[in-house]
Amino acid sequence: MAREAAFYEFLLRMGDNTLILGHRVSEWCGHAPVLEEDIALANTALDLIGQTQMWLGLAAEVQGAGKTADDLAFLRDAWDFRNLLLVEMPNGDFGQTLMRQFLFDAWHVLQLRALTASSDDRVAAIAAKAVKEATYHLDRSAETVIGLGDGTEESHARMQAALDYLYPYVGEMFLSDAVDAALVEAGIAPDPAALRAEFDATLARVLSEATLTLPAANRARGGGRNGKMHTEHLGHLLTTMQWMQRAYPGATW
Amino acid sequence: MQAPHPNQPSLAQIWEWLDAVPDPEIPVISLVDLGIVRDVEWSDDGLIVTLTPTYSGCPATSVIRLDVETALAAHGIDRLTIKTQIAPPWTTDWLSEKGRARLEEYGIAPPSPAGGPDHCPRCGSPDLTRVSQFGSTPCKAHWRCNSCLEPFDYFKCI
Numbered sequence: 001m002a003r004e005a006a007f008y009e010f011l012l013r014m015g016d017n018t019l020i021l022g023h024r025v026s027e028w029c030g031h032a033p034v035l036e037e038d039i040a041l042a043n044t045a046l047d048l049i050g051q052t053q054m055w056l057g058l059a060a061e062v063q064g065a066g067k068t069a070d071d072l073a074f075l076r077d078a079w080d081f082r083n084l085l086l087v088e089m090p091n092g093d094f095g096q097t098l099m100r101q102f103l104f105d106a107w108h109v110l111q112l113r114a115l116t117a118s119s120d121d122r123v124a125a126i127a128a129k130a131v132k133e134a135t136y137h138l139d140r141s142a143e144t145v146i147g148l149g150d151g152t153e154e155s156h157a158r159m160q161a162a163l164d165y166l167y168p169y170v171g172e173m174f175l176s177d178a179v180d181a182a183l184v185e186a187g188i189a190p191d192p193a194a195l196r197a198e199f200d201a202t203l204a205r206v207l208s209e210a211t212l213t214l215p216a217a218n219r220a221r222g223g224g225r226n227g228k229m230h231t232e233h234l235g236h237l238l239t240t241m242q243w244m245q246r247a248y249p250g251a252t253w
Numbered sequence: 001m002q003a004p005h006p007n008q009p010s011l012a013q014i015w016e017w018l019d020a021v022p023d024p025e026i027p028v029i030s031l032v033d034l035g036i037v038r039d040v041e042w043s044d045d046g047l048i049v050t051l052t053p054t055y056s057g058c059p060a061t062s063v064i065r066l067d068v069e070t071a072l073a074a075h076g077i078d079r080l081t082i083k084t085q086i087a088p089p090w091t092t093d094w095l096s097e098k099g100r101a102r103l104e105e106y107g108i109a110p111p112s113p114a115g116g117p118d119h120c121p122r123c124g125s126p127d128l129t130r131v132s133q134f135g136s137t138p139c140k141a142h143w144r145c146n147s148c149l150e151p152f153d154y155f156k157c158i
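Going down the list, the protein sequences come from chains A and B. Take 1 as the starting number for the first sequence in our numbering and just add one per residue. Take 1 as the starting number for the second sequence in our numbering and just add one per residue.
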């Protein structure tokens, strides 16, 4: 695969993950169980959207078609998105949202840490900035998963149900394709599969403290990061997120 | 660095002016105290001020750019370029001693490498509880003192 095309795909994958998860988390604004958690979720979403501006900003620059990060966020349709299916999953209850966050953060921190050594200085700079925020997110999501998992009978049951529902989407983080091969060769990004052992170790440690049980391994559900098949949830999310630019093209303030 | 024109303010003077621009969200400290002004230099096209964001999504970033422009324009700087730089990433180690002291006076516990405040900024008690890892702005967490019972902000250490 041509290197520039692969690089653009990679940047979309990074930026679409943070964009879609950032939007999902922002859906909690004004609805969280307590005020402190509402603020924490909004701040997490804000960090993710900030990171999106950097990744999609660089994607637009690499694409070289005169587009901006906003164009990429608001004027592409579902099949153009390259995010992991995990991040487009609905929020469910508070426990499911935090479980999704934990599974993503555990991977995100490892990915960003590896990217700080990228052969591309721009990628390394964004990763160095984002990894500090992602590390903070992981501290919080891991702690909350432990608190709720090892909490009441009700919270434990809900966290176990969230894990059972979301775990099949974890495998996609570690699938490799031609895009990944081109990036590994150029020294831009790590091979996704190489992050799996450490990810599994983080999961084992946190889930054991949370008294939760990892479901039996099954086939990874993929199709998000390569754009082949998103879930029906993404389109619904986009209709809300992109509404303003679709209804009033080019609107600014 | 080129020699300044006779009527060109010195860089030390510019830093002093910037040190008088308050952070829009925590107005007791200046942009210089916060450590987000990374460089000031004269070029053939006027003054270049390099800023770095605290958090990637900090909504104050655009207001900060505007405040810098406005403050320097008031001192007669009409040719100004503001550059944004993300590497090396901002760290709370760049907060000035003056800034840390002002935060504390204002009732915000300054960042601590231990990961949390060691005493209440109001009454000095070491008996504290963390309420939330996030607070009123992206750079702060929310704590409470168990002695005077006052809630307070803690400036996160990153």
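Just so you know, the hints here were simulated from the structure itself, not pulled from any lab data. None of the values given here were measured: they were computed from a predicted structure. Incorrect hints may have been included.
So the derived list for chain A, only partly shown, Cβ under 10 Å to chain B, looks like this [unchecked claim]:
(1) Ser119
(2) Asp121
(3) Val131
Glycine included, every Cβ here is placed at the ideal spot set by N, Cα and C.
#### Entry: Restraint check, 10 Å cut-off on beta carbons, for Val131 of chain A near chain B
holds, 8 Å
### Query
Quick one, is the Asp121 of chain A hint okay against chain B at 10 Å, beta carbons?
holds, 8 Å
### Message
Does the closest beta carbon of chain B sit nearer than 10 Å to the beta carbon of Ser119 of chain A?
### Response
Violated, because the Cβ-Cβ distance from Ser119 of chain A to chain B comes to roughly 15 Å (cut-off 10 Å).
Hint compliance for this structure: hint 1 is the single one not met.
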